[in-house]
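**Q** Each protein sequence line maps, in turn, to chains Y and F.
Residue 26 in the working numbering is what sits at position 26 of the first sequence, and the numbering runs on without skipping anything.
Every number in the working numbering is 95 more than the matching position in the second sequence, counting from 1.
A couple of the hints might just be wrong.
Unchecked claim - Now the in silico label distances, taken between C-beta atoms and shown as ranges:
(1) F/203 <-> Y/76: 19 to 29 Å
(2) F/200 <-> Y/2: 29 to 39 Å
(3) F/206 <-> Y/3: 40 to 50 Å
(4) Y/56 <-> F/206: 34 to 44 Å
(5) F/203 <-> Y/3: 18 to 28 Å
(6) Y/84 <-> F/166: 37 to 47 Å
(7) Y/83 <-> F/141: 30 to 40 Å
(8) F/220 <-> Y/1: 19 to 29 Å
(9) F/171 <-> Y/87: 39 to 49 Å
(10) Y/87 <-> F/165: 21 to 31 Å
(11) Y/56 <-> F/155: 30 to 40 Å
(12) F/145 <-> Y/89: 40 to 50 Å
(13) Y/11 <-> F/202: 18 to 28 Å
Said to hold, decoys possible - Calculated pairs, EDC-like style, for lysine to aspartate or glutamate (alpha carbon to alpha carbon, straight line, at most 16 Å):
(14) Y/34 <-> F/166
(15) Y/68 <-> F/202
(16) F/155 <-> Y/67
(17) F/155 <-> F/222
(18) F/155 <-> Y/2
Simulated from the structure, these hints should not be mistaken for lab results.
For each residue, glycine too, the CB sits at the ideal point set by N, CA and C.
The lines below spell out each chain.
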Amino acid sequence: MDWQLVGLSFVTVFLAEIGDKSQLAAIALGGNSKNPRAVFFGSTVALILASFIGVLAGGTVSQFLPEKLLKSLAAIGFATMALRILWIGGETETR
Amino acid sequence: METSDRQSVEPVEEIQLSISDLEPQGIDSNPESIQPKPGYFLPIFSSTFITIFLAEMGDKTQLVTLLMSAESQSPWTVFTGAALALVATSLIGVSIGYWLSKKLSPETLDLAVAILLLFITGWLISDVIGS
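Input sequences plus hints: build the corresponding full structure.
**A** This is the structure:
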């Protein structure tokens, strides 16, 4: 294992990801949830799977993925969660 | 010794705390066997997974990872580094959220979380329109 390359990709991805959408989502969902561990696992598995697909598909991934559709669906998902919190009032009341 | 002291002072609260502490662990490790609140782990896990996965597909981080792995001769080494970084940033994110949830009142927290989620929604929409 080339540890220098591991370190390089770690630092690159770490810097790209700090303050990015998915980390903000992790902050929001982790703060709102009674089960932060479930949020941590969900977010980690999603991120790793996304980059796994990236590595697997190589440079062709951006050509066949309906990126706009996926992001629109994600936007709907986040908006739904936000409105649910505002209307129903977070997980404390729904439990 | 501390435990016995506390139990004599506040026995009810101690018991309630220990039950609520134990429940998520039991469901974590064995989602089928214990069902006082069915699907307590899974809905949170899956809603987090689906939204973040959809948001992240074709995003900056994924492109960085695939570019680096395409350029290097060892894509799985790049993937290892990227995966470790993603675990780290998730852990930091969830920890910040958890820490904030202890600091803020439930009302303020709900409002802050809703605003943050709407901010992410707006960010995603601007990605879709801008790209």
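**Q** Now tell me if each hint is right for this structure.
**A** Here is what the structure says about each hint:
1. F/203 <-> Y/76: 19 to 29 Å: holds (26 Å)
2. F/200 <-> Y/2: 29 to 39 Å: 49 Å Cβ-Cβ, so the 29 to 39 Å window is violated.
3. F/206 <-> Y/3: 40 to 50 Å: holds (45 Å)
4. Y/56 <-> F/206: 34 to 44 Å: holds (40 Å)
5. F/203 <-> Y/3: 18 to 28 Å: Since the Cβ atoms of residue 203 of chain F and residue 3 of chain Y sit about 44 Å apart, the hinted range of 18 to 28 Å is violated.
6. Y/84 <-> F/166: 37 to 47 Å: Holds, at about 42 Å.
7. Y/83 <-> F/141: 30 to 40 Å: violated (19 Å)
8. F/220 <-> Y/1: 19 to 29 Å: violated (41 Å)
9. F/171 <-> Y/87: 39 to 49 Å: holds (45 Å)
10. Y/87 <-> F/165: 21 to 31 Å: Given about 45 Å between the Cβ atoms, the range is violated.
11. Y/56 <-> F/155: 30 to 40 Å: Once the Cβ atoms are compared, 18 Å apart, the range 30 to 40 Å for residue 155 of chain F and residue 56 of chain Y is violated.
12. F/145 <-> Y/89: 40 to 50 Å: violated (22 Å)
13. Y/11 <-> F/202: 18 to 28 Å: Violated - the Cβ-Cβ distance for residue 11 of chain Y and residue 202 of chain F, about 39 Å, lies outside 18 to 28 Å.
14. Y/34 <-> F/166: violated (42 Å)
15. Y/68 <-> F/202: It is violated: about 34 Å lies between the C-alpha atoms, which goes past 16 Å.
16. F/155 <-> Y/67: holds (12 Å)
17. F/155 <-> F/222: Roughly 11 Å separates the two Cα atoms, so the pair holds.
18. F/155 <-> Y/2: violated (24 Å)
Of the hints listed earlier, those the structure fails to meet are numbers 2, 5, 7, 8, 10, 11, 12, 13, 14, 15, 18, in rising order.
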